[in-house]
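All chains, full assembly: derive it from the sequences and hints.
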Amino acid sequence: MSLCLQFPRSDATSHLQNQIESHLKLALSGLEATRQQVHELVTVVKEQAQQIERQSQQMKRQSQQIERQSQQIERQSQQIERLMSKDKEQSENMERSMSSVQYQPPQRERRGPINQMFPTPFEWKIPNIRHVVLKAGGFVSEPFYLFSIGYKFLLKIQAELFFFRVVRVYIKVVPGEFDESLSWPCKEKVRVTLVYQNPLPGKRENISQVIDFEKGMRPCSRPLHDDDHDYRLIFSQGFDDKSALYSENDTILIRVNKV
4 MSLCLQFPRS DATSHLQNQI ESHLKLALSG LEATRQQVHE LVTVVKEQAQ QIERQSQQMK
64 RQSQQIERQS QQIERQSQQI ERLMSKDKEQ SENMERSMSS VQYQPPQRER RGPINQMFPT
124 PFEWKIPNIR HVVLKAGGFV SEPFYLFSIG YKFLLKIQAE LFFFRVVRVY IKVVPGEFDE
184 SLSWPCKEKV RVTLVYQNPL PGKRENISQV IDFEKGMRPC SRPLHDDDHD YRLIFSQGFD
244 DKSALYSEND TILIRVNKV
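Note that the sequence shown covers residues 4 to 262 in our numbering.
Quick caveat, the hints were computed from the structure, so don't treat them as lab data.
If you're wondering where the values come from, they're calculated on a predicted model, not measured in any experiment.
All C-beta atoms in this analysis are idealised placements derived from N, C-alpha and C, irrespective of residue type, glycine included.
Keep in mind that the hints are not guaranteed to be accurate.
Distance ranges between label pairs, derived from CB positions [claimed, not checked]: (1) Asp253 x Lys91: 43 to 53 Å; (2) Gln60 x Arg171: 49 to 59 Å; (3) Met220 x Lys91: 32 to 42 Å; (4) Ser224 x Asp253: 36 to 46 Å.
Structure, rendered in structure tokens:
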């Protein structure tokens, strides 16, 4: 409870005159308190303004970064669209050109003894390779030996379509006429080569890979049937305009040698 001093009204004038100094001190004290509050509020407002400015600059940088990323995405989308349009046009042109030619795929020769001089590499020519690739087809070679009284092999080529066209070449061991006299599991090493045939200027190397039948998930035991063993992947080759350099008259050549 505040204590209020009362005095006669007739003494008010005398009181005001006598208490001028104390009244001024009270007013100055109140003014100082108000000024301190204003100073504190100004400081808070200035800090908040600086924080808002920093956040505004950060949002501006983020907005610029988003704009750059959007432009990059738009350019990539346009590039993808052009590539897809070009690929579609090339496919349609190839389909039209192939539709006028009756395609005859290579025929597998009858399995049996092969009259072959040894040692000699086995060569497999595959015609109409563009048709095979576009149709994502595949077929196998004739069975072959690389040396007399040796293991019998079989090649397979398979065209597949993922994000782009890929040609895969496989090999495996199949039942042969000399299996009883051979050692098992098979420890043979063979080199399979996609031969560069295009006569254009400039040096380009053949694509070659060595397959070691001793290595792998499972030993290559003596096969009793053609399907006893899975094909082993030799190499994959993306098929594009550069791949045509490995063909001659739309025919590719695969060569197999004993290592």
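Checked hints:
Range check, Asp253 to Lys91: Cβ separation about 21 Å, and the 43 to 53 Å hint is violated. As the Cβ distance of Gln60 to Arg171 is approximately 55 Å, the hint placing it in 49 to 59 Å holds. The hinted window of 32 to 42 Å between Met220 and Lys91 holds, with their beta carbons roughly 40 Å apart. Separated by about 39 Å at the C-beta atoms, Ser224 and Asp253 satisfy the suggested range of 36 to 46 Å.
Hint check: a violation occurs at hint 1 only; the rest are consistent with the structure.
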